[in-house]
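Colleague: Read off the chains here:
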Amino acid sequence: MSAEELAREDPLLRALQGTGAVEEEPLRDPVRRLHVPLAELATATQSLIEAGGHFSGIFRSEADDSLRALLALRGELVVLRATLDSARSYPALSRVTPAALLPERELYDVSGVVPLDHPQLEPVLRPNADELQRVVTGPETFVIPYGPIRSGVFEAIQFPIDTGGEDILAFTVRPYFKRRNLEARFPGLDFDQGAYLAERVAGTESVAEALAFAQAVERVAGIEAPRLAQRWRVVHAELERIANHLDVGIKLAEDAALSVGVARFGVLKEQVMRLRARLCGNRFGRGVVVPGGIREKPLLQPAEVIEAIDAFEEDFRGDRSLLLATTSLTDRLIGSGRLDAETVIRYGGVGPIARACSLGIDARLERPYGAYGRLGFRIARATDGDAMARFEVRLDEIDQSLHLIRQALERMNVETAALRNAVSEASGEGCGWAEAPNGEVIYWLVLAGGLVEEAHIVSPSLRDWPLLSESYRGDVLTDVSFIEHSFGLTPAGADR
Amino acid sequence: MLKWLLRGLRHGVVTTGYPARTEPAPPGFRGRISVLDGAAAPESFADLCPTGAIQVKDGLVSLDRGRCILCGACVANAPDRFAFEATYETAVRRRSALVVGDEAAAALEEALPTLGDRSRTLRRSVHIRHVDGGSDGAEEWEIQALTNPYYDMQRLGLFFTPAPRHADVLLVTGGVTHSMREPLLRTYEVMPEPKAVVAVGTDACSGGFSATMGEVAGGVDQVLPVDVYVPGSPPAPIAILHGLLLAAGVVTREAAA
Numbered sequence: 001m002s003a004e005e006l007a008r009e010d011p012l013l014r015a016l017q018g019t020g021a022v023e024e025e026p027l028r029d030p031v032r033r034l035h036v037p038l039a040e041l042a043t044a045t046q047s048l049i050e051a052g053g054h055f056s057g058i059f060r061s062e063a064d065d066s067l068r069a070l071l072a073l074r075g076e077l078v079v080l081r082a083t084l085d086s087a088r089s090y091p092a093l094s095r096v097t098p099a100a101l102l103p104e105r106e107l108y109d110v111s112g113v114v115p116l117d118h119p120q121l122e123p124v125l126r127p128n129a130d131e132l133q134r135v136v137t138g139p140e141t142f143v144i145p146y147g148p149i150r151s152g153v154f155e156a157i158q159f160p161i162d163t164g165g166e167d168i169l170a171f172t173v174r175p176y177f178k179r180r181n182l183e184a185r186f187p188g189l190d191f192d193q194g195a196y197l198a199e200r201v202a203g204t205e206s207v208a209e210a211l212a213f214a215q216a217v218e219r220v221a222g223i224e225a226p227r228l229a230q231r232w233r234v235v236h237a238e239l240e241r242i243a244n245h246l247d248v249g250i251k252l253a254e255d256a257a258l259s260v261g262v263a264r265f266g267v268l269k270e271q272v273m274r275l276r277a278r279l280c281g282n283r284f285g286r287g288v289v290v291p292g293g294i295r296e297k298p299l300l301q302p303a304e305v306i307e308a309i310d311a312f313e314e315d316f317r318g319d320r321s322l323l324l325a326t327t328s329l330t331d332r333l334i335g336s337g338r339l340d341a342e343t344v345i346r347y348g349g350v351g352p353i354a355r356a357c358s359l360g361i362d363a364r365l366e367r368p369y370g371a372y373g374r375l376g377f378r379i380a381r382a383t384d385g386d387a388m389a390r391f392e393v394r395l396d397e398i399d400q401s402l403h404l405i406r407q408a409l410e411r412m413n414v415e416t417a418a419l420r421n422a423v424s425e426a427s428g429e430g431c432g433w434a435e436a437p438n439g440e441v442i443y444w445l446v447l448a449g450g451l452v453e454e455a456h457i458v459s460p461s462l463r464d465w466p467l468l469s470e471s472y473r474g475d476v477l478t479d480v481s482f483i484e485h486s487f488g489l490t491p492a493g494a495d496r
Numbered sequence: 001m002l003k004w005l006l007r008g009l010r011h012g013v014v015t016t017g018y019p020a021r022t023e024p025a026p027p028g029f030r031g032r033i034s035v036l037d038g039a040a041a042p043e044s045f046a047d048l049c050p051t052g053a054i055q056v057k058d059g060l061v062s063l064d065r066g067r068c069i070l071c072g073a074c075v076a077n078a079p080d081r082f083a084f085e086a087t088y089e090t091a092v093r094r095r096s097a098l099v100v101g102d103e104a105a106a107a108l109e110e111a112l113p114t115l116g117d118r119s120r121t122l123r124r125s126v127h128i129r130h131v132d133g134g135s136d137g138a139e140e141w142e143i144q145a146l147t148n149p150y151y152d153m154q155r156l157g158l159f160f161t162p163a164p165r166h167a168d169v170l171l172v173t174g175g176v177t178h179s180m181r182e183p184l185l186r187t188y189e190v191m192p193e194p195k196a197v198v199a200v201g202t203d204a205c206s207g208g209f210s211a212t213m214g215e216v217a218g219g220v221d222q223v224l225p226v227d228v229y230v231p232g233s234p235p236a237p238i239a240i241l242h243g244l245l246l247a248a249g250v251v252t253r254e255a256a257a
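Chains as they are written, first to last, in the numbering used here: chain A, 1 to 496; chain B, 1 to 257.
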């Protein structure tokens, strides 16, 4: 086939026709890499979005002084590479998609590369809590600086709220109060140490972060974890998902002043945390996932884990049906913070927030990794796009996670198989991803001589924060905590 | 509501008896790392640790639990000199007490007097304000867990308060980032005397992985006087409870070396 015929056959190349994009050596299926002229990067991004692509992130690679834009397109992850020149600028992708607004401000802050015509190119990484910008000006309106220290035990983030007293006129999300510059901490670490650091980028999704990192290393090295290790990884990742979704339940019940609901969901979550501690010695599953497999034999037998989740499930079902029948909670969730699918797509939203708008966005099914391709489950979805829909998706996902754990543990032969394959001293660049409880996390790595040379993280929190601003339509101040907690995002993920 | 009440009674009492009774950690729990007696250590042991917690001098090893992230790289590579301990009680009142190993840390600094020593009325009702100085988010989960029925910290007279002006204890997580430094200082300044600061987690004790990145102060004690250090990545709820009770002067038993 000629190049032109090939382009007609291939939806990706067809979408990129006329942008000067040249396909480079692919980074193992399903990651494809294309070189694009810098001036055409925004056009190419737009073409991919029009073809159904979902914008994930943009960053600058030091290794070859070029930009990388990441987009998910029909089961493939597309890496657009554009080499920077002495002008240190390029046409901003934010003009094409609002999903690039925060990543491009970050890029500018970190590297000084200027996204031309960016609508809001101001420093973003070291926010000052006192410097508030009003979105709405007018008589009898004011801005409430909600955060970075808020009532209760919460992570630091600021939500300036423009209001006339009750109605929310504008809701701004200001992340980065806890930025630790951890991406820059990866260079020089060996692969195991890299996984330990990944676990500490966002602690509530430690397993997913380590998984995305480890799978990126494995993809560069051209190996896979042993089947048995892949199944244990599923167990840990799904326990993490359950714990996160239960945490949302606790917070929502607390917002509705439903004390027994808080206590019951607190008991359920603690059961899961204790199971994780018994399984691996750490309540967050840290230290389990290492590049090449898992660290060591789990401390529990598969039958013991199944027994524990059976007991958990019985409790969970009762508490769930009671919670969903408690109108003092559900009345606050129904209709609050409503998003539509079009907005979620425009902002590149991921996780339960996207699935609550009936979008089938889930990395476990789009680009199956590890054992997920061999296990049966469905994407939990809801249609209404409001806080209630997001909560229903989470409750449904707990069921699916329990189902996945059972499948992973069934007929598991724990005695014979290896748990870890050796990772060669592979060099090169590669991507790994995992569906964290709040959406897909992607690690893009450059490796050399058994060490990490460069790391960039696409965080689900960063991708979903702008949607929080978008979700306040006709809501009032007392809805704020319900809507925020229905998002369930961890600031640490974005503030990496 | 009646249904909820019955639901709440389902498990009976699950609450721990801590601190009256010790709460055992499950077997294999990675609570902290200890240095075992043994042969002279090679200098290369220091390279085992990604956060620089291990130091070797003249064959003698020391481990700084305030820097240790409990990854276990040292335990895996030198199991004859390092071992995990399945314990929850890890809090101490002096930073130097977190350094353990072949050579006992010399010249311990004075610990700050506990709240109980400074005011006789406080120890039965202690109000706590939490501030996130740049954690990874896991510490917040473990602090919040103290209110669940398993730990139920209210039974010990410990309460969270949103108002720093009502708070006796400032519970700080994270190594204190640029943007959180000023809000943290302001919170501390408006708290009435006597007050105590508890640093929760390895990041709060030393900055952990981010210590060298220039974005964090490298531990809460670089910004504020710290009364109690609770190392761990993250510390378990009982460990945080131990730290709170130490600061209040309700328990006096610090983590042993």
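The set of hints was computed from the structure by calculation and includes no laboratory data.
Glycine included, every Cβ here is placed at the ideal spot set by N, Cα and C.
Please note that a few of the clues may not be correct.
Claimed, not checked - A short list of chain B residues far from chain A (calculated; beta carbon distances all over 12 angstroms):
(1) 3
(2) 9
(3) 36
(4) 43
(5) 80
(6) 111
(7) 119
(8) 175
(9) 234
Stated by the list, open to error - In the EDC-like style, the derived pairs of lysine to aspartate or glutamate whose C-alpha atoms are separated by at most 20 angstroms in a straight line are:
(10) A:297 - A:410
(11) B:3 - B:23
(12) B:3 - A:224
(13) A:297 - B:43
(14) B:3 - A:315
(15) B:3 - A:410
(16) A:297 - A:224
(17) B:3 - A:314
(18) B:57 - B:85
(19) B:3 - A:254
(20) B:57 - B:37
Colleague: All the hints need checking, so say for each whether the structure fits it.
Modeller: Hint-by-hint comparison with the structure:
1. 3: 6 angstroms, violated
2. 9: Nearest chain A Cβ is 10 angstroms from residue 9 (chain B), so the label is violated.
3. 36: At roughly 18 angstroms from the nearest Cβ of chain A, residue 36 (chain B) sits farther out than 12 angstroms, so the non-interface label holds.
4. 43: Residue 43 (chain B) clear of chain A: closest Cβ-Cβ about 18 angstroms, beyond 12 angstroms.
5. 80: Non-interface label stands for residue 80 (chain B): nearest chain A Cβ at 18 angstroms, farther than 12 angstroms.
6. 111: 26 angstroms, holds
7. 119: 25 angstroms, holds
8. 175: The assertion about residue 175 (chain B) is violated, with a minimum of 7 angstroms to chain A.
9. 234: 6 angstroms, violated
10. A:297 - A:410: With a Cα-Cα distance of about 17 angstroms, the restraint between residue 297 (chain A) and residue 410 (chain A) holds, given a limit of 20 angstroms.
11. B:3 - B:23: Violated, at roughly 32 angstroms.
12. B:3 - A:224: Violated, at about 49 angstroms.
13. A:297 - B:43: Between residue 297 (chain A) and residue 43 (chain B) the Cα gap is close to 30 angstroms, so the pair fails against 20 angstroms, i.e. violated.
14. B:3 - A:315: 14 angstroms, holds
15. B:3 - A:410: 35 angstroms, violated
16. A:297 - A:224: 18 angstroms, holds
17. B:3 - A:314: With a Cα-Cα distance of about 16 angstroms, the restraint between residue 3 (chain B) and residue 314 (chain A) holds, given a limit of 20 angstroms.
18. B:57 - B:85: 24 angstroms, violated
19. B:3 - A:254: 18 angstroms, holds
20. B:57 - B:37: 15 angstroms, holds
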